[in-house]
Amino acid sequence: MTPTTLHISATILFWSGLAAAFLVLARLARRTPSSSVGTLFLALLALATIAMGNAITFAKSGLQLPLVWPVMPFSAWLAAASFAIALIRTLQTFIQVERAERRARFQAAILWASLGFLMVLVYGLDSENSVKLLTGGIPMSIPLVLAVLGLALAFILVTVATNWSASSRGWPLAVARYASLLVGSVVFGLPFIFLLITSFKEDRDMSSAGGIVWVPRVQQTMPLFDKANPLYEVGHDSQRLKGVVVETLPQNRVRLEILEPKSMQGRTIEAAHSDLKEIPRNAHLVTLPTSAGGGRGAVVRELEDGKRRVRSLTTGEETDFEPAEVEPIREVGLRWQNYPEALSFLPPETRSGLVYLRNTLILVVLSVIGAVISSSLVAYAFARMRFPGRDVLFGVLLATMMLPGAVTMLPQFLVFRSLGWIDTLLPLWVPAFLGTAFNIFLLRQFLRGVPMELEDSARIDGCSYLRSFWSVMLPQIKPALAAISVWTFIGAWNNFMGAIIYVNSPEKMPLSYALQLYMGDRNGEPGLLMAFTTMTMVPVLILFFFAQKYFIEGITLSGFGGR
Amino acid sequence: MVRRAFTDYYARAGLAVAILCLLTSGCSEPPKASAKRDLVIWGVLLGPDSKGQEAVIHEFERRHPEVHVRLLSMGAGRMDPQKLMTSIVGNVAPDVINQDRFTISDWASRKAFLPLDDLIRQDIELGTRPPVREDYYSGAWEEAMYEGSVYAIPSAADNRILYWNKGRFRDRASELRAAGLDPNRAPRTWSEVLAYSKVLTEFGPSGEIVKAGFLPNYQDAWLYLYAFQTNSQFISPDGRRSTMATPEAAEALAFMVEGYDQVGGYAKARAFESGFRTQSFNPFIIGTLAMKIDGDWNLNALSRYGPHVDIGVAPPPVPDDRLARKGRYEGEKDAFVTWSGGFSLAIPRGARNVADAWEYIKFASSKEAILLEAEAQRKWERHRGRTYIPHQVANREANEELFRRYRPADKKFAEALRVHIDMAAASRTRPATFVGQLLWSEHVRAMDSAISHKASPMEALRAAERTVQRDLDAHFERERYQNVSLAVPAWIGAGLATFLLLGVITWYRRQRLSPIARSETKWAFLFMSPWLVGFFVLTLGPMVASLFFSFTQYDVLNEARWVGGKNYADLVGSDWLYVKKSLTNVAYLGAIGVPLGIATGLAVAMLLNNATRGMRFFRTIFYMPAIVPAVASASLWIWVLTSDPSKGLINSGWVKSLTPWLGIAPPAWLASPDWSKNALILMGLWGAGSGMVLWLAGLKGISTSLYEAASIDGASPTKLFTNVTLPQLSPIIFFNVVMGFIFAVQEFDRMYLLSPSSVGTIGPDDSLLTPVFILFKNGFAFFKMGYASAIAWGIFAIVLILTLIQFRLAPKWVHYEADR
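Protein chains in written order, with this note's numbering: chain S, 53 to 615; chain V, 6 to 825.
It is worth saying that the hints were derived from the structure and are not from the lab.
Heads up, some of the hints might be wrong.
[Stated by the list, open to error] No more than 27 Å apart at the CA atoms, straight line, and that leaves these computed lysine-lysine pairs for DSSO-like:
| # | chain 1 | residue 1 | chain 2 | residue 2 |
| --- | --- | --- | --- | --- |
| 1 | V | Lys459 | S | Lys329 |
| 2 | S | Lys184 | V | Lys273 |
| 3 | S | Lys294 | V | Lys367 |
| 4 | V | Lys586 | V | Lys571 |
| 5 | V | Lys41 | S | Lys560 |
| 6 | V | Lys203 | V | Lys171 |
| 7 | V | Lys216 | V | Lys171 |
| 8 | V | Lys41 | S | Lys359 |
| 9 | V | Lys416 | S | Lys184 |
| 10 | S | Lys279 | V | Lys384 |
| 11 | V | Lys116 | V | Lys367 |
| 12 | V | Lys372 | V | Lys459 |
| 13 | V | Lys372 | V | Lys384 |
| 14 | S | Lys184 | V | Lys384 |
| 15 | S | Lys530 | V | Lys417 |
| 16 | S | Lys601 | V | Lys705 |
| 17 | V | Lys417 | V | Lys384 |
| 18 | V | Lys41 | V | Lys273 |
| 19 | S | Lys359 | V | Lys171 |
| 20 | V | Lys384 | V | Lys338 |
| 21 | V | Lys203 | V | Lys571 |
As the structure is a computational prediction, the values presented were derived from the model and not from experiment.
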């Protein structure tokens with residue numbers, strides 16, 4: 053036996069033993085009326101196989117849970133799966149009593165087997181394909197052993213508890229269910245947590261050899277007046293600017309180079325010397341090397357040759373150090389500055405992104421209004437009014453649902469172009485006012501469900517069609533309208549394809565497109581990017597929490613709920 | 006009562022939204038200087054690295070107080086032609102565009118840019134001095150010309166040279182000496198660079214690259230560089246033939262393939278490269294990459310992040326024969342050659358403010374402005390404690406002057422800049438042809454497929470050559486096809502519509518409706534009018550137009566020509582490999598992604614079905630990913646999937662579990678052709694939890710009596726699932742499968758977000774290419790309306806066939822309650 057086959061057989065032994073052990077526990081838990089001798093035998097077998105499985109791998113590399121994983125192309129997986137199913141069907145052929153059943157199983161087995169051969173053929177056609185068997189194992193560290201033992205103990209305890217009272221019969225299953233739900237929600241929630249944490253991290257924490265940094269730390273600073281190159285604050289056009297003097301002008305005026313806000317960084321303005329107010333810089337705190345006396349220091353200035361000028365906080369002396377010599381002092385905390393900084397890189401005409409938000413809101417509000425009004429009107433005509441050709445038109449409506457957007461994309465561009473609507477938001481929301489096939493279809497189904505008597509009585513009272521539609525029918529389909537509003541909201545908030553085709557100027561861009569451009573520009577600064585991403589996400593998430601009912605229950609309205 | 010509550014609800018929501026709108030709009034109306042003329046400039050990235058550019062713009066505004074400059078500062082218009090083209094076609098073009106120079110002839114050929122000859126002539130007549138050919142490096146000026154006219158004024162210039170890490174060479178000095186190589190000098194020839202690379206590459210325990218010697222295409226070399234070194238030209242001198250598949254070019258590509266094979270293959274190299282997203286982890290600076298070919302722009306990063314790294318520079322290595330001037334290189338003037346590119350300023354057709362645009366271009370490309378920009382940038386860099394290293398410009402005199410004035414104090418950087426400037430004379434530029442962008446795309450694709458061993462160098466180049474030739478032929482043979490006026494289909498359509506309308510009206514007349522029915526019909530049509538308008542204007546009309554376009558060659562800016570079935574023939578003919586690739590991609594996504602998505606949703610629903618406590622909480626968590634906007638989700642997942650385990654969420658977990666357990670190195674996900682689709686499927690699964698809502702509704706709909714009956718018969722839980730739950734849910738499964746496949750065929754957004762460039766490959770080795778992406782590229786980046794429409798109809802046909810097949814198969818497995 054080669055080491056690989058040995059390992060594979062050990063793995064199979066081990067895991068089947070584990071499965072058997074689980075079966076024993078499950079049997080005990082369910083108290084299935086079965087012979088205790090059988091259970092005992094199974095338990096012994098389980099223990100033996102686990103021991104055997106481990107014994108083989110143990111000799112090689114210490115105590116571990118042996119693992120085997122085949123690496124093979126998709127066709128090979130399909131072939132393997134087909135053969136497995138064929139095998140099961142063949143076995144069933146022998147077990148089945150009825151002739152017809154037997155034949156059906158046999159036919160299925162042949163079908164699956166031939167599919168398997170076909171896949172083998174496909175696999176053979178590609179010369180690059182190869183199947184590899186990876187062997188290895190999970191090393192049993194002490195925490196892992198403890199965790200496994202703890203789990204087993206908990207399982208046994210629960211099982212015993214179940215045996216005590218009949219009322220808690222379903223416990224093991226419930227425990228397993230909630231455990232899987234918890235694991236699932238961690239998996240689904242992890243990207244969100246990653247996003248949030250990253251948006252509060254300093255650049256230094258973005259990558260580390262030990263894996264993801266889950267606890268962000270921030271650089272400690274202290275206010276420091278730099279006599280040699282003081283920082284000033286000055287009012288200018290109702291803005292507070294921070295900058296340094298680059299030139300002294302006559303008449304007690306100076307030229308100031310702006311450092312903050314970032315959108316004006318590097319520009320110079322003139323100001324009267326009397327208007328300037330000296331403010332401290334936020335100097336980074338560092339630990340000085342022992343060669344320089346140790347202790348804490350504050351970085352006075354970053355020098356042109358890459359060195360940092362550090363003032364010792366104990367002696368007050370200023371020395372130049374290489375960046376690697378002085379270790380920054382950082383403490384656990386959130387770098388919330390990523391958020392304002394992310395916004396400060398946006399073009400000035402977008403007013404820190406407020407214009408994007410406004411555009412998206414316009415888009416969303418108009419789309420929702422349009423979708424609700426037009427779709428319900430059209431749906432009302434289809435659902436409640438009688439006119440020749442109605443069914444043909446409805447068929448056409450349903451057919452348009454099938455049409456891929458790609459077919460009409462280009463000519464639609466030409467239509468909007470001839471209207472002069474390029475670089476406006478019009479092409480993004482006007483179509484909502486013309487009704488959407490799916491919305492119309494859904495509302496029609498709902499309107500048909502409204503009792504006829506309601507509308508009839510209104511009509512007898514002399515209501516016009518419009519009036520009975522507005523006052524009688526609409527209130528009846530509120531849930532469906534809410535669902536449509538919510539979908540349209542999400543659709544409009546996410547609409548990004550429309551924006552890349554139709555919108556060009558920054559002051560007309562919706563958030564989605566702005567974020568896409570931001571992704572390209574600030575690729576190297578995950579902190580800023582994640583902060584901006586979070587900001588575009590938050591409004592939808594807030595809406596979701598408040599209107600959760602309509603989001604989730606709306607889906608079930610789509611025709612399958614009341615099946 | 007009911008009514009009041011209803012209107013109240015809407016009124017309140019409306020009020021809240023209105024207030025929000027007012028709030029945001031009130032404070033956000035940009036200050037409009039009505040007296041000023043707007044000058045819109047695109048392709049300028051604002052930020053801390055372009056303070057000099059800002060200074061030039063401020064100075065221009067100061068000198069022309071009546072002009073207000075507006076910049077599209079974010080991304081668009083730089084390398085991505087789609088945005089610029091849509092704006093030109095849509096009559097909202099910017100006034101000035103900062104455009105990659107090699108694309109100029111492409112734009113000029115489609116009449117998308119204004120020729121500048123008249124403006125230059127006018128200036129000469131007036132006695133002012135416009136930019137002229139003599140001021141520029143000849144290659145740069147040539148690149149901005151098309152058919153004898155000047156279409157742009159070159160601004161920046163760049164070229165590539167070899168950077169080598171002397172420290173790394175010293176570390177491996179004994180090994181290098183053992184291999185007969187001198188550790189104190191840079192390689193000069195291809196065989197030398199490969200020999201050095203071999204010694205300088207080190208692998209980790211699971212075969213991953215830890216330190217690389219030389220990656221032929223790291224940063225910015227591309228096949229162009231090596232092809233220029235073998236004297237290959239991708240286009241024949243008369244511009245009519247694509248000559249990519251020559252032995253010389255194949256030799257160059259073969260060198261790249263060998264370079265990658267030496268470091269363990271392209272996949273490993275990509276995994277290695279994709280680990281370095283930020284400059285502070287630049288592999289060349291931290292010493293994990295010994296040699297690279299790069300342009301002068303990287304000097305800024307070097308001086309900032311690695312001022313003390315001992316770097317050396319040299320001209321890029323050339324073929325051995327070239328250095329020895331043997332064989333076909335006999336009598337060659339330049340032993341070393343490199344390729345040069347850069348940007349230039351142009352005026353798009355339809356610009357509203359041509360006069361100011363020209364003034365701006367003249368000012369921005371003047372020596373005065375170049376020096377002003379340099380001075381402003383230098384001051385800014387000094388201010389933030391960084392060294393300033395000037396960028397190269399296409400203006401010869403200004404380039405030398407920049408070096409004289411702003412030569413870096415650090416000798417090694419000064420030397421690097423000197424080598425760059427000296428190589429400017431020996432640089433080659435990409436051919437000035439209208440297929441420039443396609444040539445670029447195809448050359449990238451050929452390179453990708455050769456170095457990942459999907460094809461031999463010659464095969465890959467042949468495929469690229471064919472594609473380029475097709476476009477050349479289409480252009481030169483366009484005269485063969487007849488002009489077709491777009492009025493014809495419009496008239497036919499109008500005629501048909503009238504005919505239809507008359508028919509409908511007479512039909513209604515014949516119906517002899519009662520007055521009440523007539524009024525009801527009138528009202529019904531009034532109610533339906535929004536949809537009818539939408540149907541005719543946005544669906545039926547465009548469908549007819551699209552069908553018509555699919556038989557023409559039409560780019561909106563020029564007249565359409567009737568080409569018959571050529572577009573469809575190309576789709577399944579010369580472009581078939583490309584189309585097939587996109588179809589295999591969506592087939593993969595559909596075949597694996599759709600079932601997995603269904604399984605995920607169903608699994609979550611099964612878990613939640615009986616859990617009453619905490620149901621709301623779990624439901625929220627599982628549903629949340631589905632409402633995250635696609636762009637935000639892409640932005641997040643690019644980081645989650647980063648292959649570097651020190652940053653990527655998934656791979657950091659992978660190296661702690663699967664790698665030590667089974668010895669599987671983490672995949673490069675989006676950076677690997679084999680894994681990028683799996684990455685997309687994973688992203689899709691994250692949002693698939695929301696599907697549980699539908700499944701939950703379905704599960705609730707299954708009558709408990711079925712389960713009870715089966716349990717009494719002694720069915721096990723698995724039996725219950727396969728024989729009761731699944732058949733009962735089969736209509737929903739069917740619905741999801743149909744919708745999933747239709748959706749998969751039409752995928753585009755996610756691919757665009759993950760690989761936003763419409764140039765080059767979509768994902769590594771086109772692994773993220775989809776049919777709609779091909780349509781988008783052809784339609785909106787090149788405005789090949791005809792070809793794109795043919796693709797659209799192809800997609801329609803596929804969707805239709807898929808749906809029909811599934812409806813055919815449905816009776817075999819879908820179980821409907823009503824059937825019994």
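Hints, verified against the model:
1. Of the pairs offered as hints, the one joining Lys459(V) and Lys329(S) is violated, with about 66 Å between alpha carbons and a cut-off of 27 Å exceeded.
2. Only pairs whose Cα atoms come within 27 Å are accepted, and Lys184(S) paired with Lys273(V) is accepted, the gap being roughly 18 Å.
3. Distance restraint check for Lys294(S) and Lys367(V): the Cα-Cα separation of roughly 34 Å exceeds the 27 Å cut-off, and the hinted pair is therefore not satisfied.
4. Our distance criterion of 27 Å between C-alpha atoms is met by Lys586(V) and Lys571(V), whose separation comes to about 21 Å.
5. The hinted pair formed by Lys41(V) and Lys560(S) meets the criterion: a straight-line CA distance of about 20 Å does not exceed 27 Å.
6. Under the criterion of a C-alpha separation no larger than 27 Å, the hint pairing Lys203(V) with Lys171(V) is consistent with the structure, at around 16 Å.
7. Between the alpha carbons of Lys216(V) and Lys171(V) the distance comes to roughly 14 Å, so the proposed pair stays at or under 27 Å and holds.
8. With a C-alpha separation of about 46 Å, the suggested pairing of Lys41(V) with Lys359(S) is violated against the 27 Å cut-off.
9. With a CA separation close to 53 Å, the supplied pair Lys416(V) and Lys184(S) exceeds the 27 Å bound.
10. The hinted pair formed by Lys279(S) and Lys384(V) meets the criterion: a straight-line CA distance of about 20 Å does not exceed 27 Å.
11. For the hint linking Lys116(V) to Lys367(V), the alpha-carbon distance of about 22 Å falls within 27 Å, and the restraint holds.
12. Restraint check for Lys372(V) and Lys459(V): not satisfied, since their Cα atoms lie roughly 48 Å apart, outside the 27 Å limit.
13. Restraint check: the Cα-Cα separation between Lys372(V) and Lys384(V) comes to about 18 Å, which is no more than 27 Å; the hinted pair holds.
14. Note on Lys184(S) and Lys384(V): the hinted pairing is violated, with a Cα-Cα distance of about 59 Å set against a maximum of 27 Å.
15. Taking the CA atoms of Lys530(S) and Lys417(V), the gap is about 73 Å. The hint is violated against a cut of 27 Å.
16. At roughly 17 Å between alpha-carbon atoms, Lys601(S) and Lys705(V) fall within 27 Å of each other, so this suggested pair holds.
17. Of the supplied pair hints, the one linking Lys417(V) and Lys384(V) holds, its CA atoms being roughly 22 Å apart against a limit of 27 Å.
18. Straight-line distance between C-alpha atoms of Lys41(V) and Lys273(V) comes to about 56 Å, which puts the hinted pair past the 27 Å bound.
19. Between the alpha carbons of Lys359(S) and Lys171(V) the distance comes to roughly 22 Å, so the proposed pair stays at or under 27 Å and holds.
20. Only pairs whose Cα atoms come within 27 Å are accepted, and Lys384(V) paired with Lys338(V) is rejected, the gap being roughly 41 Å.
21. The suggested pairing of Lys203(V) with Lys571(V) is violated, with an alpha-carbon distance near 49 Å, which exceeds 27 Å.
Checked against the numbered hints listed earlier, the structure breaks hints 1, 3, 8, 9, 12, 14, 15, 18, 20, 21; every other hint is satisfied.
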